[in-house]
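Peer 1: Letter by letter, the chains look like this.
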Amino acid sequence: DIQMTQSPSTLSASVGDRVTITCRASQSISSSLAWYQDKPGKAPKVLISQASSLETGVPSRFSGGGSGTEFTLTISSLQPDDFATYYCQQYSSYPWTFGQGTKVEIK
Amino acid sequence: QLQLQESGPGLVKPSETLSLTCTVSGGSVNSGNYYWGWIRQSPGKGLEWIGSVYYSGNTYYNPSLKGRVTISLDTSKNQFYLKLRSVTAADSAVYYCAIVNAASYNVNWYFDLWGRGTLVTVSS
Chain A
1 DIQMTQSPST
11 LSASVGDRVT
21 ITCRASQSIS
31 SSLAWYQDKP
41 GKAPKVLISQ
51 ASSLETGVPS
61 RFSGGGSGTE
71 FTLTISSLQP
81 DDFATYYCQQ
91 YSSYPWTFGQ
101 GTKVEIK
Chain B
1 QLQLQESGPG
11 LVKPSETLSL
21 TCTVSGGSVN
31 SGNYYWGWIR
41 QSPGKGLEWI
51 GSVYYSGNTY
61 YNPSLKGRVT
71 ISLDTSKNQF
81 YLKLRSVTAA
91 DSAVYYCAIV
101 NAASYNVNWY
111 FDLWGRGTLV
121 TVSS
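Taken in order, these protein sequences are the chains called A and B.
Using the numbering used here, you'd call the opening residue of the first sequence number 1 and step up by one each time.
Using the numbering used here, you'd call the opening residue of the second sequence number 1 and step up by one each time.
Quick caveat, the hints were computed from the structure, so don't treat them as lab data.
Every residue, glycine too, gets a C-beta built ideally from N, C-alpha and C.
Certain hints may be false.
[Unchecked claim] Listed below are the simulated PhoX-like cross-link pairs for lysine-lysine, each with C-alpha atoms no more than 20 Å apart in a straight line:
hint	chain 1	residue 1	chain 2	residue 2
1	A	Lys45	A	Lys107
2	A	Lys39	B	Lys45
3	B	Lys45	B	Lys77
4	B	Lys45	A	Lys103
5	A	Lys39	A	Lys107
[As the list claims (entries may be wrong)] Coverage of chain A stretches by chain B, computed from C-beta distances (three or more under 8 Å per stretch; other residues unrestricted):
hint	stretch
6	45–53
7	91–99
When you get a sec, could you build the whole thing from the sequences and use the hints?
Peer 2: Shown next as structure tokens:
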């Protein structure tokens, strides 16, 4: 199975900060990567697919980049609604696997 | 608007079978537009894809669970199901139903829509 490793595990930031989360794959996955946002009591929501393609309705402050084995999710100006846990997922190779998550908390 | 809602027992005894239902509204499980599936989240293992089913009945399972898992669907009830046999404490998790968009020729296996999840605890 392809292992997905996210860093950091926890990120403390303030409203307005630019934050970047990294996701590394144990082997090349081309651009077959999605990012999700997870909040307590709510359904996880896909933000980005194909590493950099923003899903419909997702604010433009979210952006994704990378290919191969290293990927990033950037929030250009953190908003109160963005405090959540973020996961990456590869869909290059079966079985589909997820990173362990990055919790973005209020500083 | 398509919505998913998980339901089922919150407590299952060790060695028994965990059975969950996902009720679909705003769409039909009998369409070829989606793969209907299950994902779980436990403190020890994070998010884990369990498996998915297509309207044709074709199933796709995570090899780590193959042999214990069955996913099926009932078009008359517009529901799909998860059965996980011989459970242990390690199967305690929040279980989500989720869909993959199958509309394109090359399916990208990321999860477009999730339910809110249901907590299942395995304990005697």
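Peer 1: Verify the proposed pairing of lysine 45 (chain B) with lysine 77 (chain B), using a straight-line Cα cut of 20 Å.
Peer 2: With a Cα-Cα distance of about 32 Å, the restraint between lysine 45 (chain B) and lysine 77 (chain B) is violated, given a limit of 20 Å.
Peer 1: How about the stretch 91–99 of chain A: do at least three of its residues have a C-beta closer than 8 Å to a C-beta of chain B?
Peer 2: Our answer is that it holds, as 7 residues pass the Cβ test (under 8 Å) against chain B, meeting three.
Peer 1: Against chain B, does the stretch 45–53 of chain A show at least 3 residues with beta-carbon separation below 8 Å?
Peer 2: Since 4 is at least three, the answer is holds.
Peer 1: Hint check: lysine 45 (chain B) vs lysine 103 (chain A), CA-CA at most 20 Å. Holds or violated?
Peer 2: holds (16 Å)
Peer 1: Given the hinted pair lysine 39 (chain A) and lysine 45 (chain B), is their alpha-carbon gap at most 20 Å?
Peer 2: The hint holds at about 18 Å.
Peer 1: Has the given pair, lysine 39 (chain A) with lysine 107 (chain A), been kept, meaning a C-alpha gap of at most 20 Å?
Peer 2: Cα-Cα ~17 Å, so holds.
Peer 1: When you check the alpha-carbon spacing of lysine 45 (chain A) and lysine 107 (chain A), does it fall within 20 Å?
Peer 2: violated (24 Å)
Checked against the numbered hints given earlier, this structure breaks hints 1 and 3; the rest are met.
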